[in-house]
Amino acid sequence: MKFTTEQIATMDAIITRYPRKRSAIMPLLHFVQSIDGYVTNEGIEVIAQKLELATAEVTAVSTFYTQYKSKPVGEYHVGICTNTLCAVMGGDAIFESIKEHLDIENDGVTADGKVSVEHIECNAACDYAPVVMVNWEFFDNQTVQSVKDLVDGARAGNPPAPTRGPKTLRTWKQNSAVLAGISDGLANEGLQAGEPTLLGLKRSKGGN
Amino acid sequence: MTKLTPVLSAHWDEADSFTIAAYKRNGGYTAIAKALEMQPDAVIQLVKDSGLRGRGGAGFPTGNKWGFIPQGDNKEHYLVVNADESEPGTCKDTPLLMANPHVLIEGVIIGSYAIRANYAFIYIRGEVTHVVRRVQQAIEDAYAAGLLGKNILGKGFDLELVLHVGAGAYICGEETALLDSLEGFRGQPRLRPPFPAIAGLYAKPTVVNNVESIASVPAIVKNGVEWFSAMGTEKSKGFTLYSLSGHVTNPGQFEAPLGITLRELLEISGGVRKGHKLKFWTPGGSSTPIFTDAHLDVPLDYEGVAAAGSMLGTKALQIFDETTCIVRAVLRWTEFYKHESCGKCTPCREGTWWLVQVLKDLEAGRGTEADLDKLLDLCDNIMGRSFCALADGAASPIISSLKYFRQEYLDHLAIGGCPFDPAAATLFENVGAK
Ligand SMILES: Cc1cc2nc3c(=O)[nH]c(=O)nc-3n(C[C@H](O)[C@H](O)[C@H](O)COP(=O)(O)O)c2cc1C
Ligand code: SF4
Ligand code: FES
Chain B
1 MKFTTEQIAT
11 MDAIITRYPR
21 KRSAIMPLLH
31 FVQSIDGYVT
41 NEGIEVIAQK
51 LELATAEVTA
61 VSTFYTQYKS
71 KPVGEYHVGI
81 CTNTLCAVMG
91 GDAIFESIKE
101 HLDIENDGVT
111 ADGKVSVEHI
121 ECNAACDYAP
131 VVMVNWEFFD
141 NQTVQSVKDL
151 VDGARAGNPP
161 APTRGPKTLR
171 TWKQNSAVLA
181 GISDGLANEG
191 LQAGEPTLLG
201 LKRSKGGN
Chain X
1 MTKLTPVLSA
11 HWDEADSFTI
21 AAYKRNGGYT
31 AIAKALEMQP
41 DAVIQLVKDS
51 GLRGRGGAGF
61 PTGNKWGFIP
71 QGDNKEHYLV
81 VNADESEPGT
91 CKDTPLLMAN
101 PHVLIEGVII
111 GSYAIRANYA
121 FIYIRGEVTH
131 VVRRVQQAIE
141 DAYAAGLLGK
151 NILGKGFDLE
161 LVLHVGAGAY
171 ICGEETALLD
181 SLEGFRGQPR
191 LRPPFPAIAG
201 LYAKPTVVNN
211 VESIASVPAI
221 VKNGVEWFSA
231 MGTEKSKGFT
241 LYSLSGHVTN
251 PGQFEAPLGI
261 TLRELLEISG
271 GVRKGHKLKF
281 WTPGGSSTPI
291 FTDAHLDVPL
301 DYEGVAAAGS
311 MLGTKALQIF
321 DETTCIVRAV
331 LRWTEFYKHE
341 SCGKCTPCRE
351 GTWWLVQVLK
361 DLEAGRGTEA
371 DLDKLLDLCD
381 NIMGRSFCAL
391 ADGAASPIIS
401 SLKYFRQEYL
411 DHLAIGGCPF
421 DPAAATLFEN
431 VGAK
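First to last, the protein sequences are chains B and X.
Residue numbering for the first sequence is 1 to 208, as defined by the UniProt record's numbering.
Residue numbering for the second sequence is 1 to 434, as defined by the UniProt record's numbering.
So the derived label-pair ranges between C-beta atoms look like this:
{"#": "1", "chain 1": "X", "residue 1": "PRO193", "chain 2": "B", "residue 2": "ASN106", "range": "38 to 44 Å"}
{"#": "2", "chain 1": "X", "residue 1": "THR30", "chain 2": "B", "residue 2": "PRO160", "range": "38 to 44 Å"}
{"#": "3", "chain 1": "B", "residue 1": "SER70", "chain 2": "X", "residue 2": "ASP377", "range": "36 to 42 Å"}
{"#": "4", "chain 1": "B", "residue 1": "LYS205", "chain 2": "X", "residue 2": "ALA203", "range": "45 to 51 Å"}
{"#": "5", "chain 1": "B", "residue 1": "GLN7", "chain 2": "X", "residue 2": "LYS403", "range": "52 to 58 Å"}
{"#": "6", "chain 1": "X", "residue 1": "ALA144", "chain 2": "B", "residue 2": "LYS205", "range": "31 to 37 Å"}
Hint data in this document are derived by calculation from the structure and do not stem from the laboratory.
Built from N, CA and C at the ideal position, the CB exists for glycine as well.
One chain only, chain B, in its complex shape:
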């Protein structure tokens, strides 16, 4: 078994959150991605063993959800929203230029393994369009230039901070652990709300 005793103990702790253990399959898949970067065969096997399922049952779940990756993504996984609203407001232009800038296709990874790009669907931030997510952190109100700077920064090892998120951008693996329900202690960092979120409240108080 390639997973450490500590990692196995974390998996056991995740399973105890639920009244029935099969419910732990999703956080366990996020957890495997936090160790391996994607859903590896070893990961599938350990989950199957823990939950007393066939590996095929775990694979069937894993392949249903787009956030579970069957091959490695970059340390910084860039999702560009190209659902209608963001697409029209600039998401399409951003997506096309970034693919060209990095010389990769949709779902591609740069040769240095630093950056991968995927077009994503509406990410519940339309009032901040055009929206880009990196490791599922918000980068609001983007332009072609700002996303070029973002990916260049990421490749050089100093990506900018999310607009609504922690002070520094964490890696794909680190954030996968958060999605598995393992706290990184950063909840208090960053804004409580950006300007659009606050606009109605401001107007209700007579503000411009």
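Following the hints, complete the assembly by docking chain X with the ligands onto the known chain B.
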């Protein structure tokens, strides 16, 4: 002057609004003390009397839904909060949870007490890491404060609350698919009946409610039925979050009584993008039939929007001005439905695929006028013939756009391509774009 009524959003402008300290400072966690003094049935009655309707899209009365849970059945009951928020255009629950997760937790405690559930879940979409952090932290802080766990506030009520993080599947917002996903399966809708109230999570009585629905409960308990029902319209009571996005001067969240109009919201916010005019908009996400500038005065409540031929849905007002090509917009939404179709039933799985093919040709100016009828024919075979409402949502933009903008489809055929310049619709000058 302003018609706005910030309740959920009232303290979002405080920098620490998401912490338990701020929530308590602003009067939070006082409604549970009141609710736990009441009989559970009395809490259900209160929510029924308030007229609160589900904010997740369908507008089903929340108190009635709670009342369907069988009592004294010696079974476990579950409350599951739907925080999957993935309907295109919808962006209200996410900022709410980012700015104030505790109001949801307080609502979860009250709701669970009312339906006699000792286990509750928040199913949140997986693509919002920082919101996950905030909600997880809030749950931990609520446990530490004795607001979750055993014998809450010494009143003998126990509640475990678990945050469950999704992994990118729109269909998991549909409540029965959500339950399958939470049980550890592929998220595919279930046949109903049985409804979740009878056989939901682990085949036990379960309530599934939207974030905003549950988060509205503490204020109702605290301020009373009359206060709540004084806002809104006859059958659509209370305040709600409207999300304005797209080609507007100032996008954002606006909390207002149900029944406000888009004209009023645009006046308050600053109007359509300068120098442009409104072309079409969605009243409640992409699954609700589009409206045009003829619908600016439609009251945005459940009845008003339905009477005008659409649905209030999630109150996601996506605004598009005259630079936007309707065919491009509709094709993109249709690609979304094709991608998100869970594949369980043939009309939706195959139908959305064919819709994309036909729309792609039309956008490129290929095809004939007969293809427009083919689109409607396909929609006819998908709507009402599929397993869940995703398929109906897929047909909405197509049918409604053909109703209002048929000529624009024909214009594509006439010139053999798209008459619009996509750069004109973007928010930025295309500096650096090819
Ligand atoms: C395809 C589809 C996606 C949905 N997505 C969501 C969602 O993301 N959030 C939500 O609250 N309801 C969503 N719903 C509605 C839910 O099925 C359910 O009606 C709702 O959560 C009930 O909560 P409410 O009564 O508080 O509105 C969706 C429905 C369908 C058909
Ligand atoms: S209508 Fe579509 S999404 Fe719904 S069950 Fe059928 S295939 Fe799945
Ligand atoms: S359309 Fe891009 S975030 Fe909603």
